[in-house]
Structure formats: C-alpha cells, structure tokens
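Colleague: Residue strings, one per chain:
Number of protein chains: 2
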Amino acid sequence: MVGISDKCTEDIARERKKCSFSSTELTHFWDGGVELTKRRKLLENYFLSDPELKSSVPLEYLSHKEKYERSIKLSCLFFKKISNWLEHNDTISAMEVYQSVLGGSLGSAVLKDGFPFAVHYVMFIPTIIGQGTMAQQAHWISRAWNLEIMCTYAQTELGHGTFIRGLETTSTYDPDTEEFVLHSPTLTSYKWWPGGLGHTCNYAVVLAQLYTKGQCHGIHPFVVQLRDEETWMPLPGIKIGEIGCKLGFNTVNNGYLGFDHVRIPRDRLLMKNNKVLKDGTYVKSQNDKLTYGTMIFVRVIVVRGVAASNLAKAVTIATRYSAVRRQSELKPGEPEPQIMEFQTQQYKLFPAIATVFAIKSSATWLWDVYNSVTKDLDQGDLDKLPELHAMACCLKAISTSDANQMIETCRFACGGHGYMTSSNFPTIYSSLTAAVTYEGENTVLLLQTARYLVKAWSQRDVTSATITATLKYLSDFRPSDIYQPWSLTMSNLAEAFRLVAAGKIKYCSEHIDYLIQKGYTSEDAWNATSIQLTQIAEAHCRAFIVDTFVKETEVAVVSEPVRKVLVQLCELYSVYWLLKNVGDFLVYSHLKISDVDAVNERLAELLAAIRPNAVGIVDSFDFHDDILDSALGAYDGRVYERIFEAANKSPLNAEPVNESFHKYLKPFLKGQM
Amino acid sequence: MVGISDKCTEDIARERKKCSFSSTELTHFWDGGVELTKRRKLLENYFLSDPELKSSVPLEYLSHKEKYERSIKLSCLFFKKISNWLEHNDTISAMEVYQSVLGGSLGSAVLKDGFPFAVHYVMFIPTIIGQGTMAQQAHWISRAWNLEIMCTYAQTELGHGTFIRGLETTSTYDPDTEEFVLHSPTLTSYKWWPGGLGHTCNYAVVLAQLYTKGQCHGIHPFVVQLRDEETWMPLPGIKIGEIGCKLGFNTVNNGYLGFDHVRIPRDRLLMKNNKVLKDGTYVKSQNDKLTYGTMIFVRVIVVRGVAASNLAKAVTIATRYSAVRRQSELKPGEPEPQIMEFQTQQYKLFPAIATVFAIKSSATWLWDVYNSVTKDLDQGDLDKLPELHAMACCLKAISTSDANQMIETCRFACGGHGYMTSSNFPTIYSSLTAAVTYEGENTVLLLQTARYLVKAWSQRDVTSATITATLKYLSDFRPSDIYQPWSLTMSNLAEAFRLVAAGKIKYCSEHIDYLIQKGYTSEDAWNATSIQLTQIAEAHCRAFIVDTFVKETEVAVVSEPVRKVLVQLCELYSVYWLLKNVGDFLVYSHLKISDVDAVNERLAELLAAIRPNAVGIVDSFDFHDDILDSALGAYDGRVYERIFEAANKSPLNAEPVNESFHKYLKPFLKGQM
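Chains H and D, in that order, are what the protein sequence lines are. FYI, full-length UniProt numbering numbers position 292 of the first sequence as 292, with every residue one higher than the one before it. FYI, full-length UniProt numbering numbers position 503 of the second sequence as 503, with every residue one higher than the one before it.
Just so you know, these hints were derived from the structure itself, not from any lab. As the structure is a prediction and not an experimental result, all values here were calculated from the model. It cannot be assumed that every hint is accurate.
Using 25 angstroms as the maximum straight-line C-alpha spacing, the simulated DSS-like pairs for lysine-lysine come out as follows [to be verified]:
(1) Lys506(H) - Lys663(D)
(2) Lys239(H) - Lys666(D)
(3) Lys551(H) - Lys580(H)
(4) Lys65(H) - Lys592(D)
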C-alpha cells in the first residue's frame, strides 16, 4: 500500500469551497480572539512536533502494565519539556500552559488516556494554596512545584463518594507525641480512585475525620507521605495499589490506600482554616464556605474543557466523515450520495454542533462569574455564591449528559467504523462519560440546583427587588393561560423556555406542599417529587443556555456571515430541545398543538440551511490532526487510507501467522487436541 | 485481606425475604418453562465448572496480541468440550447447545469479548445450507461441521456496508479455464469486519459482483480458500490481516481481505439459486426472496439474545448494587439509606427491568412468526414476509437502542464504580452497542419499517379485509378529535399508543403528499420527512410492544403474585414511554393537558410498588455469577470485597514498585533527566 497522499479528497475540498463564511474568523471567535488562537498554535507546534513524544504502536495495543510504563515515560518527558518551555518563554504564563496540557486537549495528543501527574497540579497544589498556612504553603508548594515530590489528593472511599460526611477514615490526635494517627477502620474506608495514587505518587492530601480529645470534628485535610523518596517502597502501615482496569483513563493509575495506625506530625494538618493546638484543643475557623472554591472551579473547567471540547471532537469527526462517506441512494440510478445529504444524518450532527456553541457561551458566563465571585469572596462577600453554585451544578450536569448522548450519536452516525479505536470515538466517549459521575454525580447536582430553585420560588415576591439575573424570570412569571399567539422568533422561543422552567418549578413546589399537607415529612415529599425536580433543574438550565446563547449572538464582534451562522445554530439549539420536550411546551408555554408542525418545519429548514456550511463550522474548532487522532476525521478527509494504515499498526499484523495457530488451532483442526 | 465470605450480605438477604412472589417461578417463566431452566443449568454447570476454561488474570489486562492468543486457546478448548458433550449427551440438541454458547450468554463466561469461531457457525454454515447445491452442502458442511476447516463470511467492505448493491469486489468468469477471478479494484473494496477473518480462518464465503460474458449479474456468494491448510500462510494474491482494536469484541479477530486476481474453480459459486454454466451462461433463479431468511434470522436473535440479555445483565448488577450501596441521607440523623430508596434511582432501574420483559415478549412473538413464515416460504407462500421483515427491522432497532441507553443509565446508577471493568458494564455496553450498527444500522431499519407503514396507510381501505394483525389499528383508526375521557387503564394506555402511531403515520403520509404537490420528487419528499419517518417506526413498534406485553400478562400460565408483578411492569413500561413522548400523546391521543399530572403520579406509585420486589425480579433472570461477571452484581451482594479482590488481580499490583520508577520517575524527580 502506498503512503497517504497529502492532498484533501475532492469531496471535502468542495465542502470548504462552498462555505459562506470565514472558518478562520470563527476559529478566532471560538478561541476567544486572534491572540489566543496564536498562543494555542504556538504551544501545539512546540509540543506536537517532538518525535520523542510519539509512539509507533498505538496505546490500545499494549497490556495494562505496559500502558502504565509508557505513561510514566511520556509524562516525565512531557513535563520536562514543559519546564524547558517555561524556562525559555515568558509570553505564555505557566498557568495557561498547564491548563492547555491538563484542562484542554493538547495533552490528549501525547497521552490520550490521561496523565498520572494530573492530580498533582489540579488538586494537590490548589488544596495546599487554599487550606495550608503560609508556612505549609512555603514548604509543600515549593517541593511540589519543583517536582521533588509527586502528589495526589485522596478523598473518595470505596464505600463513600458524594456524601462527604459519610467518609470513614479517621485521624486521631495523640497529644503525647504530638502526632495524628491515621487509620482505615473498614474495607469500605479505603481511599479509592485518586489519580496517580497506585504507583506514581509519594505524598497525598488525605481527607479524614479529625478526632481530638474524644470528639469528632468532621472531615479535614492532612498531608501524608506514602512512599520512601529513595526506594519508593510503601511506608509501614500504608496499604496501597491501583484499582485495576476501567472503561477509560487507564494511564492515570487510579489507586487505593488503606492506613494501619499511621503516625504523622501535627503540622501535617492543613491549618489555614481550622487548627489543632499542641495540647489537642480544636480551634474552628470563621469561614467555612471558602472551601467551596476548588470544587466549583473544577466544575467550571468540566463544562468547557471536558464537555464542549470532547463533543466538538466527536462532531468534527462525524461531520467530516459524513462529507466523505458515500452510501445508499437518494434517487435511483444516481451515484451514491454523501451521507450528509440524508436529513436523518443532519439531525444527528447539526444539533451536536449547535450544542457545542451553546455550552461554550454558558461556559464563558460561568468562568466570568466564577472569577468575579472569587474576588468578592476574598472580600468576605458571599452573596453571589449560591447562584454560582447552582449554575455550576446544573451546567456541569446538563453539558456532560448532552455531550455523553451526542458523542454516541456521532459515533453511530459513522456506522461500524465509529466502533474502531482508530476513529477515536472509544477514547473520546470514555473520557467524557466519566464526567457524568465524577466531580458531583449528575442526578445529585441537578437536585442541588432544584433545591435552590424551589427555595427561590418560595421567596420570589420577598426578594424580587434583589433577585439575581438568572432567576429574574421567576418573579416576572405569569402563567401561560392567557392566549398569546405563538411565533418562531428567537425572543418568543427564549420566552417559551423560561415559561416551561417557571411552570415546572411552580408545579413541583406546589406538589411538595400538597404532599406535606397530606402528611408526608418534608424529606419524603422531596423524594417523592425528585424525578420531576431533576427536570426543573434541566428546564432552568436550558432556559439559561438559550438566553446566554441569544445574547452572545447579539453582542459578538464578528462579521455578518459569521453572525448568521451563530444565529442559525442558536435557533437550531432552541428548536431541537423544544421538540425533544414538546409536551412541556404544550403544557407550560404558549405553544399550541396546531403550532407543532411549524416547529418541525423550521427544524427541517435549519438543517438544510446549515448543511452547506457544516464542514466549515467544524473546521473552525481547528483541532490539530494529532489531537483529533481520528482516521475518520482528519483534515484531509482521506478516511479509507487512514483506516487501513491504522489497522496495520496492530502488532498482530506484523506476522502472517500467529503462533497460536501452531500451538492450538492446528492440533484442534487436525483432531489432535 | 481475608477471602470473601460465602454468606449474602444482610441488606440483600432482607430484600429477598420481603419479596411477594416466587423468584424461581418467574425464572421458569423467563426461560420458557421448567424444563428449559433445567437444561440451561445443566449446560452452565458442565461448562462453568471446568478450571481449564478459567484464567487468573482477567482478559482486560492483556495486550491486544495476548488477548487474541488467549482467545484461540480458550476457543479450541471450549469447542472441543462442546464436541465431547455432544458425543456423550443426546438430551440437548446440537443446535440448542451452539445457541446457548454463541447466541445466549453462556459463552460470555468463557470469553467475554467474543469468539473468533462464531461466524463459522452463525453465518458460514447457514449460508452453505441456504445457498449451496446438495453437492456443495455435502462437501462444505461436512468439512466445516467436522472442524477440518475454519470459515467466515465476507460481505461488508471498507467503503460499503448497508447498501449491498454498492459492493465493489468482482468475480469474473473465465470460460477458458472454468474459473472465477476474484479481484479488489480499490482500497474501498477490501472486505472489512468479518469475525475470525484476520488470522483464524482459512476459508470464507465471499460476496462479489458476478461478471460473465461481459455482463454484471449482481452480488453472489463464493467459497474461497484464504490460507494454506498446513502452513496457514495466506495463499497467493490474498491480502489479509486484522482491522485493529475496537471498542469491544477484541477477541473476535475481525479482519480485512483484498484479492489480486485470485482464481477459484467454477463450482465455488454457491449455485442453489443462481448458476453459471461451463460456457459462462448465467441462469437466474426463480425465487430471490429466499435469501432474506438468514438476515431476518439474525435480527430475531439480536432482539432477545443480545438486547434483552445484555440489558437484563446490566439491570441485575445495578439493582443488586442499589440494595447494598448506602449513601447520603433521606432524613437528618438517620443512617445512610440503601440508594434504591431514592425515587430518582428507582426511575433509572425499574423502567429498564420493565423494558427487559417487554422486549422478551415481543421477541417471543417474533420467533414464533419467523418459524411460521419460514414454513410458509418453503411452500412458496410469501404473504407474511413483509410484516415479518417490517417487525424484525423496528424491533431490532428499538430494542437495541433502548438497551443501549438503559445500560448506560444502569452504569450511571452505580456511580464511579460502574466505570471499573470489574463491574462488567464496559464489556456489556461494548457488546450491546455494536448491535446498534451491525446487522442493519438502526436508522436505516426504522426507515424500512416506515416505508412499509406509509404504504400500508395508503392501502388501508383497499386491504382492510386482509390486513395483518400488526396493522389492524390503521384500518380501525379514527382521529382523536372527538372528546373521550382519559383513563389509566391498560386498555386505554394501549389504545393511546396505537392512536399516536396511527396519527403520526397519517401525518407523515400527508406531509409527503404535500411536498410532492409542492413540486418535490417523491425521493426528496421522503428524505425531507425522514426524521419524522423514523419516529413513526418507533411509535408503531412501541404500540406493538405494549399490545404484545399486555396480551402476555393476560395469557401467561403463572400464579397470581407473579402475574401481579408482570402487570405492574407492563404498566410501568407504558407509563414511562408515554411520559418520554408526552407531546405526541397530547397531539394524537385522548390525553389532555389536565391529565398529565395523574400519569406522573401513576409513575411514582408504580415505582413504589415495584421497589420491594426489585431484587427478587432481577434474581429471576438467574444469571450464573460467572456469566454476570460483576463485582457489583454478584448474588451474595459482597460488593466491596469483590471490588477489592478484582483490583488485586491487576498485574501492576504484583510488585510494590514498578520498574518505570527506577527508569524514569526517579531520575525525573531528582532532576537527572
């Protein structure tokens, strides 16, 4: 087989020619400006041109142990290269570089199944900053930042996740020796999941129930040494290993950890907030909400860095493939059409494209509010924290669950070929789907937002003067009983989403009250309404996303052709989700049964309008081929040559006859077994 | 760590005690009778007690190549054992044994990622039977059945799947030598996907465009030798290998195959139907529809053997885990509840249980009709073939897409632990999700059913006397404009599903006509309506499933407690899917906006009613622990001990310090890299 030509296929080249807008301009919009595009490309070129970071046999062919060994090798080379970059460049801050590597998609081109060093940067260092005293920060951050030690963050236990108060690991203060004694009283108290914990880290922040003077003071963070710095052997009393194979992240080295009465000095308790004095006296901090920060920060990152980014990858692959793949017939006797001509195919792809942009605009809002609230917090102002928390919860849940479902739809849109690892769908899906559960399980998060909404509903009259922007529609709410004509304008669509959210919040609030009147406890009434409570959080979130997306299309500094694309996507997002929940719109908005056909027609029109620009739009995500890492989705559209090339990287294909033939198959077929 | 106790946990034992019906009785119902349960267990005990078929290191820890080698070793041992069984037992037919192994779930306990020998039995032998002359059958079936040769079936090509007419491989008759010349004119014409093709098989049925006397006669099947029987080397002109890693089925050895002018004797064309004479004259068969048989057969198997079976596994795991896992709090101060107490959790589990039973009852209908139609076909009667084909299409599509989504919901219901391979969710999902695409891509299948429905609608008055049972509701159809009170009886629910299907079919038919009147070609009108056309196939299928399930609950020979459980599940299935598509019911059935709350209430009541029996119901699927293969779902509920035991099977955990520490991590941390 000859090498792959460097020319784009005709089909995909033609798609680019007929595009009505500048894909490069949309890239700048997507990145947040020309300058940010430039910086992203600078980093990509620096790291992705290094042959040392490439491997001839793809990761998936290795054994689990070999994957780990490769991950350590590549991580060391890669993070060394990052240090080199930071030493010689000051145009891009260290923070930005680490974010590209660990939060963005650059790192996935080097080690697609995740880094065992990630938690060291994402959780360990921020926790020391957030919870350590100045002295503790000086000591631990210096050691961690200079990579003298490799650290992780151990909170979740085998039997305990979401409900932090249920953690069982104990840390009991012994005033005689001025030490804490860490202990795992049960199997369910073993720490479980921390990235890098298995074999890669020698220190961890460990969350444990603090006991002193016979009293439990709840969960506190302790810095614990796990392994000897020279021999890497686990220290006495430390029971440690990895948790085994998973659906994805198999190079992250997630680990378990048990303690058998392990003693650590008193100053290993991170004491910026709460303290234990030498004699064992517990001193409580003034301000507990400060510890929310890291948790919300991670959710903010998940919305754009994980949900939007993985969905953007998936839909780029499926859209390009749909421009190249020809199959079936639309009209008898004509050549097989590009599969993107089929309306059902457009319906799989284009709502996913719209959802990427929708998530992105909400993620920008979330990031801005996070930064503003963090500043307020530093000044002791906690007013906007509940809104930020409520929006971070529902946006994390909805963005990851939309992306989860739509990535699979994109895979199905590629037929059987999406099932091959060389399509990269298996890795994209396994990376994203973990986010449905991690950093707050989605159902739990939706119920947290719902609690905030039900409370807001009950206070809507009292607080209407001071109500926050995302809840204003609740005090504005008037039921939809009075007839108003339906129209397909964006402002009416956005209003309909708000009416649905408000109507459902009202319904749930009344339903809870009704059950309480019937004799339910408030907890039972809440639980008996909870399916619908998750739905109000979703409805609120959709209304917010539509609003935010509409505003963005209005204020974005872009040319008219680009604005037109954004407006079409915004409308498609709204119409698509309206039709997915059309029952709610019939019940709670001004939509009437006789209006539904027109919405279906509009959907069909929008799909047809977006069709000619589809490849151009996904091009604007501007994924480097090494980051996309997909035989189906490469920029040049040379799908079949790339699939074939990928198959021949299988070590099984290195020999024409596998030795198992001689050992087993031949004796079996000859009746000699 | 001590070994796992053989006692069930208290939580799960208590669940079984409070069950209101006999789980064993429901098992007999599920299997199809006491006798079938007995035979199933007989086979399970015979095969699953053999230590030779067990491995200490789970499959997922091996490299891709090692997985293949293990799969050949285990396949040889296992199929040898099957032969031994068949030699010494005549209580269970060979067909039934192979179906348990390859179509049922028994085989998954031996090799969970699939057998490279499967296509030999499932496709090669049936094709020879269906398409070979008596002489060809005598020769090839004898060789294949006696395992002198190992064979596969090569149809799909790299660039061609669903649209069979588009296949490119050619087979050109040369009358001078009385041979066919097989050739792959392009890269896209390479055969792609056949199981076992990579390195395991030495013969294949190859589908190719038959050319003789300068004319193309379309796709025909040829038996082709691929590898030398002694050396296993590919024969001259045969380009062969495996297609590389996939999301699942990594022990199946899916392969690719290209031909460079490969010559085979004339009698390798399977000539039961069409023939090529020595001089190259083509003789066409009378009856082309006979070749439909195998295709429909496989879809019938997929509905129960793949969709229902994998969903049953997933929901067994998630339900048992939900009885053991305790998390969060329902009431302040009380111990953490079993997570099955949460309404949102019940909503994830119980509709999936109901769907398993619903799919099963439709699968039974499909199997019976398949057998009856096959008999008719043998007598030249093709009348019922279109209905069978239409129902096999939509049931395959809906059952696999429901199972696909619900298996993931079951995984999410287990939080992070569902992400671990030891939960078995990753394998269950990867096995099932392939079925969304294989044997007819779901969207394509739904559109085939839709075509049948639109045609039936246009003929409903003409054919009302002879209309088949599944379409009777179309000739009975009266629009829902006349007010009728809504009620939550099963007969009204079933009627509502039929009204939705009929109303949507009517709407689509009229929409297509409207577009044609506007000037669209009929093909363009079809394409521009196709999103909704897939929805009518789904609506028709749901109405059928509800009807069939209702009838089964009425006629099943079971005790009243078991019937009560079945009735609850049937009602839950209906209410769940009604609420998922409540907009359609508002538009097309007698459901009014004011009735929706009552349906929501009924959903909540049904979940609460099923709650006490949930573990008992999934117990009735009676999965052997080795078949379920899940640390979260084992019968004894000892979740945490089993997770821990599974983690410690990881070869990485065999040494406290991995060698990559000395090679890379230590130099890196010491600044010596």
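Colleague: So, for every hint listed, does it hold in this structure?
Modeller: A quick look at each hint next to the structure:
no.	hint	result
1	Lys506(H) - Lys663(D)	violated, 63 angstroms
2	Lys239(H) - Lys666(D)	holds, 21 angstroms
3	Lys551(H) - Lys580(H)	holds, 23 angstroms
4	Lys65(H) - Lys592(D)	violated, 60 angstroms
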